[in-house]
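Trainee: Sequence:
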Amino acid sequence: MKETPGKEMGASFAEGSHVLKCSLCDKLYRIHPDKLPPGVSSFNCRKCGSLVPIVLPGEEQAPPEDALTVLVVVNEQALGHLIVRILQRNGFKGQLVYTGAEGLQLMSSQPPDVVLSSVVLSDMLGYEMIDRMRETLGETHVPSILLASLHHGTRYKRAPTSLYGADDYIERHHLPDMLINKIRRCVGGKDDSGDAPGSGPQAVGPPADLAVDDRREIEDIHQKTLQQIGEPFEEDVRRMCRIIVGDIALYNEDAIRGSVPDAALALIKDDLGEGVMLLKTRFPGYGGSYETALREEMLALLHSRGVGTVVIEGD
Numbered sequence: 010m011k012e013t014p015g016k017e018m019g020a021s022f023a024e025g026s027h028v029l030k031c032s033l034c035d036k037l038y039r040i041h042p043d044k045l046p047p048g049v050s051s052f053n054c055r056k057c058g059s060l061v062p063i064v065l066p067g068e069e070q071a072p073p074e075d076a077l078t079v080l081v082v083v084n085e086q087a088l089g090h091l092i093v094r095i096l097q098r099n100g101f102k103g104q105l106v107y108t109g110a111e112g113l114q115l116m117s118s119q120p121p122d123v124v125l126s127s128v129v130l131s132d133m134l135g136y137e138m139i140d141r142m143r144e145t146l147g148e149t150h151v152p153s154i155l156l157a158s159l160h161h162g163t164r165y166k167r168a169p170t171s172l173y174g175a176d177d178y179i180e181r182h183h184l185p186d187m188l189i190n191k192i193r194r195c196v197g198g199k200d201d202s203g204d205a206p207g208s209g210p211q212a213v214g215p216p217a218d219l220a221v222d223d224r225r226e227i228e229d230i231h232q233k234t235l236q237q238i239g240e241p242f243e244e245d246v247r248r249m250c251r252i253i254v255g256d257i258a259l260y261n262e263d264a265i266r267g268s269v270p271d272a273a274l275a276l277i278k279d280d281l282g283e284g285v286m287l288l289k290t291r292f293p294g295y296g297g298s299y300e301t302a303l304r305e306e307m308l309a310l311l312h313s314r315g316v317g318t319v320v321i322e323g324d
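Throughout the sequence shown, residue numbering follows our numbering, covering 10 to 324 in sequence.
Hints should not be assumed to be uniformly reliable.
What the hints assert, rightly or not - When the alpha-carbon atoms are kept at most 27 Å apart in a straight line, the in silico DSSO-like pairs for lysine-lysine are as follows: (1) Lys30 <-> Lys44; (2) Lys56 <-> Lys30; (3) Lys56 <-> Lys36.
Said to hold, decoys possible - Estimated spans, in silico, between C-beta atoms of each pair: (4) Ser131 <-> Val196: 34 to 44 Å; (5) Asp43 <-> Gly147: 48 to 58 Å; (6) Thr145 <-> Arg55: 37 to 47 Å; (7) Thr149 <-> Lys56: 26 to 36 Å; (8) Gln114 <-> Pro73: 20 to 30 Å; (9) His41 <-> Glu144: 46 to 56 Å; (10) Asp35 <-> Gly197: 40 to 50 Å; (11) Glu148 <-> Lys56: 15 to 25 Å; (12) Gln119 <-> Gln86: 37 to 47 Å.
Keep in mind that the hints were calculated from the coordinates and are not lab data. Positions of the beta carbon are idealized from the N, C-alpha and C atoms, including for glycine.
Start from the sequences, fold in the hints, and give me the full structure.
Mentor: Below you can see the structure in the form of C-alpha cells.
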C-alpha cells in the first residue's frame, strides 16, 4: 500500500507545513509542500481510509466566467471535493451534489455542459438519473460520464457504455489521470494526446443481451433494497451478494483471489448459500473506503432479518 504523504498531528515537521482534515472522521494531518511526491493530489486517511484531497493555501483559483460547467453527482463528500478541485485546477467549473434528485433539479434549472455521476447513488442509479435527464432536456444533449468502481477481469468493465445510457465512463482509480481528457473528448475538443472524440480504439463488449441482463439485475436489486422488502428473501441473498461485494460481481475468482486471502475466498464459496453475506469494503489502489448507500441499506436489512454478515477488509 502506498505510504500516506501526510503526517499525523503531533509528529515532528518542518516549518511551512499545512494542516488538512479528513472530512469523514476529522483526523488531522500536516502536509509540507516540499515533501509531496510529484503528481500526488490526495491520500488515504489512515483512520477511515477515505480520500483526503491535498489543497494548499493559494492553490484554489476561481475558473474563468466562460468556463464549462461539470455537474458532479457522487455519494462521498471527500471524493466530490477532490473531483471539483481537479476540475477547477484545469479551468472548469464544478457543481457538486450528492443525490440523483438534486442533480435532476439542478439540471432542469441550470443545464451543465457535462454530467459526471457515480453508478450507484443513494436514491437511484446513475444511469437512471441520466435517462431522466435526457427526458427532461429533450433535444438538448448534455454529455454524461459514469464514475465506476470497476476491477480488471470483470465483465462490467468490458460492457459498452451505450447500453447504460452514458457517453463514457471512468474507472475510479484512474480519476486523476483520465478525468480531464474524458471531459474534453465529450464536449468535442481534443484531449492531451491530441486525439479528437471517437478517434481512439472502441471498446469491445460482451453480447448485448448479457450486458442488458446485468443492468436489469442491478436495477431490480436496488429497487428491492430501497423499498425495504418485507417478505423473506433468503433466495435472493446470493444474487444480492454478487452485486454488493465491491460493487462488482463474483464472476472472476482470479480478481477476488488477488485481493483477498484464500481463506476468505473459501468463505465466500461455502457460506453464501447459507445466508452469510460478504461485504468487501476496499480494493487495493481504489483510493479510500469503498462504501455506498446501497451497501449500508443491505447491511441494515440483513441484520434486521437475522442474516449474519462477514466484513473483510482489502489489502
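Trainee: Confirm or reject each hint.
Mentor: Each hint tested on the structure:
The suggested pairing of Lys30 with Lys44 holds, with an alpha-carbon distance near 18 Å, which does not exceed 27 Å. Only pairs whose Cα atoms come within 27 Å are accepted, and Lys56 paired with Lys30 is accepted, the gap being roughly 12 Å. Only pairs whose Cα atoms come within 27 Å are accepted, and Lys56 paired with Lys36 is accepted, the gap being roughly 7 Å. Checked against the hint of 34 to 44 Å, the C-beta distance between Ser131 and Val196 comes to roughly 28 Å, which is inconsistent with it.
At roughly 52 Å, the beta-carbon separation of Asp43 and Gly147 lies within the given 48 to 58 Å, and the hint holds. Here the CB-CB span from Thr145 to Arg55 is close to 43 Å, well matched to the stated 37 to 47 Å. Evaluation of the 26 to 36 Å hint for Thr149 and Lys56 yields a failure: the beta carbon distance comes to about 44 Å. Checked against the hint of 20 to 30 Å, the pair Gln114 and Pro73 passes, with Cβ atoms roughly 26 Å apart.
In this structure the hint that His41 and Glu144 lie 46 to 56 Å apart at CB holds, the actual value being about 50 Å. Separation of Asp35 from Gly197 is about 42 Å and conforms to the stated range, judged on CB atoms against 40 to 50 Å. Look at Glu148 against Lys56: about 49 Å separates their beta carbons, and that is not inside 15 to 25 Å. One distance hint, 37 to 47 Å for the beta-carbon pair Gln119 and Gln86, is violated here, with the actual separation near 22 Å.
In this structure, the hints that do not hold are numbers 4, 7, 11 and 12, in rising order.
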